[in-house]
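Protein sequences, first through last, are from chains A and B. The opening residue of the first sequence carries number 1 in the UniProt record's numbering; numbering runs sequentially from there. The opening residue of the second sequence carries number 1 in the UniProt record's numbering; numbering runs sequentially from there.
Keep in mind that the hints are not guaranteed to be accurate.
As a list, the in silico SDA-like pairs of lysine to any residue whose alpha-carbon atoms are at most 20 Å apart [to be verified]:
#, chain 1, residue 1, chain 2, residue 2
1, A, Lys396, A, Gly480
2, A, Lys400, A, Glu367
3, A, Lys154, A, Phe197
4, A, Lys17, A, Gln211
5, A, Lys396, B, Pro100
6, A, Lys396, A, Leu371
7, A, Lys17, B, Trp34
8, A, Lys400, A, Leu369
9, A, Lys17, B, Thr37
10, B, Lys242, A, Gly387
11, A, Lys400, A, Gly53
12, A, Lys246, A, Ala260
13, A, Lys17, A, Phe197
14, A, Lys396, B, Leu107
15, B, Lys242, B, Arg253
16, A, Lys137, A, Lys154
17, A, Lys17, A, Arg150
18, A, Lys17, B, Met30
19, A, Lys400, A, Leu363
20, A, Lys295, A, Leu338
21, A, Lys396, B, Arg111
22, A, Lys154, A, Pro177
23, A, Lys17, A, Leu204
24, A, Lys17, B, Lys242
25, A, Lys396, A, Glu367
26, A, Lys137, A, Gln114
27, A, Lys396, B, Thr104
28, A, Lys396, B, Ala108
Calculated from the model, a selection of chain B residues having no Cβ within reach of chain A, i.e. all distances over 10 Å [to be verified]:
#, residue
29, Val49
30, Pro56
31, Pro182
32, Ala205
33, Gly280
Hint data in this document are derived by calculation from the structure and do not stem from the laboratory. Bear in mind the structure is a predicted one, so any value in this text is a computation, not a measurement. Beta carbons: idealized from backbone N, C-alpha and C, even for Gly.
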Amino acid sequence: MPDIGPPPASLYAAHRKIYPRAVQGRVRRAKWAVLGILLGLYYLVPWLRWDRGPGVPDQAVLVDMQHARLFFFWIELWPQEVYFLTGLLILAAIGLFAATSLFGRVWCGFACPQTVWTDLFMWVERRIEGDRNARMKRDAGPPSRDRTLRRLAKHAAWLGIAAVTGGAWVMYFQDAPTLVRDPLGASMETWFFFALFTATTYVLAGFAREQVCTYMCPWPRFQGAMLDQDSLVVTYRDWRGEPRGKPKDAGSGDCVDCSACVQVCPTGVDIREGQQLGCIGCGLCIDACDDVMRKLHRPQGLIGFETLANLAASTAAAAELEPGPARHAAGMAARRPLRLLRPRTLMYAGVLSVVAITMLGALMLRETLSLTVLPERAPPFVRLSDGGIRNAYLLKLADKSREGGRYTLVLEEAPGLRLLVQDVATDAAGRPLLPVQGDGVASFRALVTAPRAIERQPIRFRLLDVAGRPLAAAESIFLGPQP
Amino acid sequence: MAKQTETDAATGVATTGHEWDGIRELDNPMPSWWLYTFYATIAFALVWVMFYPALPFVRGLLGNTARGDLAAVMATEQAKAAPMLARLRAATPEAIAAEPELRTFALAGGRIAFANSCAGCHGAGGQGAPGGFPSLADDDWIYGGSLEEIRTTIRHGVRNGEAAEARGTAMPAFLQAGLTMPQIGDLAEHVLLLSDAGPANPAGAALFADNCAACHGERGEGNRQVGAPRLNDRIWLYGGDKASVTRSIAYSRAGVMPAWEGRLDAATINMLTVYVHALGGGEQ
Numbered sequence: 001m002p003d004i005g006p007p008p009a010s011l012y013a014a015h016r017k018i019y020p021r022a023v024q025g026r027v028r029r030a031k032w033a034v035l036g037i038l039l040g041l042y043y044l045v046p047w048l049r050w051d052r053g054p055g056v057p058d059q060a061v062l063v064d065m066q067h068a069r070l071f072f073f074w075i076e077l078w079p080q081e082v083y084f085l086t087g088l089l090i091l092a093a094i095g096l097f098a099a100t101s102l103f104g105r106v107w108c109g110f111a112c113p114q115t116v117w118t119d120l121f122m123w124v125e126r127r128i129e130g131d132r133n134a135r136m137k138r139d140a141g142p143p144s145r146d147r148t149l150r151r152l153a154k155h156a157a158w159l160g161i162a163a164v165t166g167g168a169w170v171m172y173f174q175d176a177p178t179l180v181r182d183p184l185g186a187s188m189e190t191w192f193f194f195a196l197f198t199a200t201t202y203v204l205a206g207f208a209r210e211q212v213c214t215y216m217c218p219w220p221r222f223q224g225a226m227l228d229q230d231s232l233v234v235t236y237r238d239w240r241g242e243p244r245g246k247p248k249d250a251g252s253g254d255c256v257d258c259s260a261c262v263q264v265c266p267t268g269v270d271i272r273e274g275q276q277l278g279c280i281g282c283g284l285c286i287d288a289c290d291d292v293m294r295k296l297h298r299p300q301g302l303i304g305f306e307t308l309a310n311l312a313a314s315t316a317a318a319a320e321l322e323p324g325p326a327r328h329a330a331g332m333a334a335r336r337p338l339r340l341l342r343p344r345t346l347m348y349a350g351v352l353s354v355v356a357i358t359m360l361g362a363l364m365l366r367e368t369l370s371l372t373v374l375p376e377r378a379p380p381f382v383r384l385s386d387g388g389i390r391n392a393y394l395l396k397l398a399d400k401s402r403e404g405g406r407y408t409l410v411l412e413e414a415p416g417l418r419l420l421v422q423d424v425a426t427d428a429a430g431r432p433l434l435p436v437q438g439d440g441v442a443s444f445r446a447l448v449t450a451p452r453a454i455e456r457q458p459i460r461f462r463l464l465d466v467a468g469r470p471l472a473a474a475e476s477i478f479l480g481p482q483p
Numbered sequence: 001m002a003k004q005t006e007t008d009a010a011t012g013v014a015t016t017g018h019e020w021d022g023i024r025e026l027d028n029p030m031p032s033w034w035l036y037t038f039y040a041t042i043a044f045a046l047v048w049v050m051f052y053p054a055l056p057f058v059r060g061l062l063g064n065t066a067r068g069d070l071a072a073v074m075a076t077e078q079a080k081a082a083p084m085l086a087r088l089r090a091a092t093p094e095a096i097a098a099e100p101e102l103r104t105f106a107l108a109g110g111r112i113a114f115a116n117s118c119a120g121c122h123g124a125g126g127q128g129a130p131g132g133f134p135s136l137a138d139d140d141w142i143y144g145g146s147l148e149e150i151r152t153t154i155r156h157g158v159r160n161g162e163a164a165e166a167r168g169t170a171m172p173a174f175l176q177a178g179l180t181m182p183q184i185g186d187l188a189e190h191v192l193l194l195s196d197a198g199p200a201n202p203a204g205a206a207l208f209a210d211n212c213a214a215c216h217g218e219r220g221e222g223n224r225q226v227g228a229p230r231l232n233d234r235i236w237l238y239g240g241d242k243a244s245v246t247r248s249i250a251y252s253r254a255g256v257m258p259a260w261e262g263r264l265d266a267a268t269i270n271m272l273t274v275y276v277h278a279l280g281g282g283e284q
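In isolation and in its complexed conformation, chain A is listed as follows (with noise of 0.2 Å):
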């Protein structure tokens, strides 16, 4: 019979249900300080109250969608300032570029928002259901009432953790302590978001958990870019495992092959299977199988934070050795220091750090007065009786602090042009007053008079604070008839 291969497979995978084993130890005791970190600035922040003055909001971070403002502490930015969050978001994938050519992927294992309420929602998982193999067994056996009533006692936490998520959500873009007093005067767009929010979370970390991690995220697909021989990654060491065999085997390594580091895992990868994209970087295998080696009387760290040159130099090393202590000893001396300065992660630390400087240095130069010049173009200018040529500007005043004030207009260099300010008072010398509100724009129109027909030219109008100090500028173009 000829080599026909195999037989085709599904086009779907059925969905292979993970019922990850708790564990203790110190990668899951640093796991739940994280977790505890980020979840509390997450629902916390929205109630910091931060005191600006009367009739502007005091809610530290807040971002006001219906005035277009962003508040942030002492910073209030305007809707044309997006750059800072474009900067932020820069100096964001910068850091978790820099951090996982580094320390592999601990934005995945211990920080990611994805991560981080699923391990929330498998703990309460495990309070009401419990651990592993009762919820398997459970799962498998007959309908009960126990079984049902445990079920909806954990959705119902679950969606009262979502709601809460949600809830906070919401809370960065509404006044807090309002919206918790009469949340019936929420708009639609808040109950939406509302639940919008409570909805992902509970299908994100109630159901989906680490289908989202290799099927919808983008980042594990290309994150192997940013990875080298050089970054620590969660790594089975083989050379000091293999061959696996029963604890009192004569020859074999010191994996024991109990299967604890698999149970343990969020996303049900083998670890010893080595690098795959699975692999979240979380390391609770790591404290799966440092618990079974200390109750084995064996050393730790079979299963660890590794790079990838020391695993293969500890594989050279270890390769002609028999199994046992001899081995372990030559696999681990064969180690070399973590190389955290390289070209590729001191490239990182400076493009962050242009960055960073490039955002601070605007945050600090930026300005609170801006004074925007439109030129009319229709008609690019007016021929006057006497012969003379006028132009026609639109003038928009933007005063972003709280205070506003009356500036006054100039023209610098532009000796025999005549400036005239609509509807605006002028001071002793004649000069334009520009009255503005804080907080708000102010639209001017300017007409700017040639006592001859002149060329184009340019010209700057300058604001000047009531002692005469120069405040921002604008430039533009005069416009005359071509000679």
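On the provided structure of chain A, position chain B as indicated by the hints.
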């Protein structure tokens, strides 16, 4: 075309046969929930088609149309603007210009009304057009540039034959009124001299005193009462070269403008008045 598929040694997964620079694509199966999500979007689309107009000539169950949405928004906006429009209707242009709130509204409304009704001849910014469409942004006014004069011109128009109060004087065509072409040439040179743009021409000066000064003034200063344009400035309605001026004298040229009273309501005419006055040439 896909090459023959094979099994990837590292993962044990079949490949699709596609290869790019040695990188081969694994043929992992899709998760089935992905497929169900796709079905759910199809179901959602069917529901959408039922409720909203998604097919030609079929109204959705909700009766929603983009035209209806627009009408609803327009009705809301008009209801909001109604009290302001009532005030604009009752007030004089002077009162509107003096009050900041009314003036701001009038300038915004006037800009739209100007674009709808006036820009076709006078240009988008009131810059006018060659051939008898005067600029409204300069400081030269044939019938006066005060708010009241501007409103009168807008209401009744110019030489339109439909409104009794329309501005309506006309200049004779002097070629038919007895002057010869050489005389008209002399006259044109004198007219240009009034704005320092032509040579002195004593014959032209004498002809000007006899035929033109009555309306245009002895020094060509114009007369707004009869709509005789100023001739001693740099602004020319039909061109300022000798040929154009000669042609104007010989054949007479006069534009027309419709009467807007009856076509636009009083509030719109008031807004237009304030807007045109603010274009740059407004007089007290």
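Lys396 (chain A) and Ala108 (chain B): Cα distance at most 20 Å? holds, 16 Å
Quick one, are Lys246 (chain A) and Ala260 (chain A) close enough, alpha carbons at most 20 Å? holds, 14 Å
Cβ separation check - Ala205 (chain B) to all of chain A, threshold 10 Å: The assertion about Ala205 (chain B) holds, with a minimum of 22 Å to chain A.
What's the verdict on Lys396 (chain A) and Leu371 (chain A), does the C-alpha distance respect the 20 Å limit or exceed it? holds, 6 Å
Next pair to validate is Lys137 (chain A) with Lys154 (chain A); report whether the Cα-Cα distance is within 20 Å. holds, 17 Å
Given the proposed pairing of Lys396 (chain A) with Arg111 (chain B), does the C-alpha separation stay at or below 20 Å? Cα-Cα ~18 Å, so holds.
Pairwise hint evaluation, Arg150 (chain A) against Lys17 (chain A), where the allowed Cα distance is 20 Å at most: Since the Cα atoms of Lys17 (chain A) and Arg150 (chain A) sit roughly 18 Å apart, the hinted pair holds (cutoff 20 Å).
Under the criterion that the straight-line Cα-Cα distance not exceed 20 Å, is the pair Lys17 (chain A), Trp34 (chain B) satisfied? Distance ~16 Å between Lys17 (chain A) and Trp34 (chain B) Cα, so the pair holds.
Given hint Lys242 (chain B) paired with Lys17 (chain A) - CA-CA distance at most 20 Å: violated, 95 Å
Please verify whether Lys17 (chain A) and Gln211 (chain A) have alpha carbons no more than 20 Å apart. Answer holds: Lys17 (chain A) to Gln211 (chain A) is near 10 Å, not above 20 Å.
Holds or violated: are the alpha carbons of Lys396 (chain A) and Thr104 (chain B) at most 20 Å from each other? holds, 15 Å
Closest CB of chain A to the CB of Pro182 (chain B) still more than 10 Å away: For Pro182 (chain B), whose nearest Cβ neighbour in chain A is about 30 Å away, the distance exceeds 10 Å, so it holds.
Hints 1, 13, 20, 22, 24, 26, 33, counting from the list given before, are not met by this structure.
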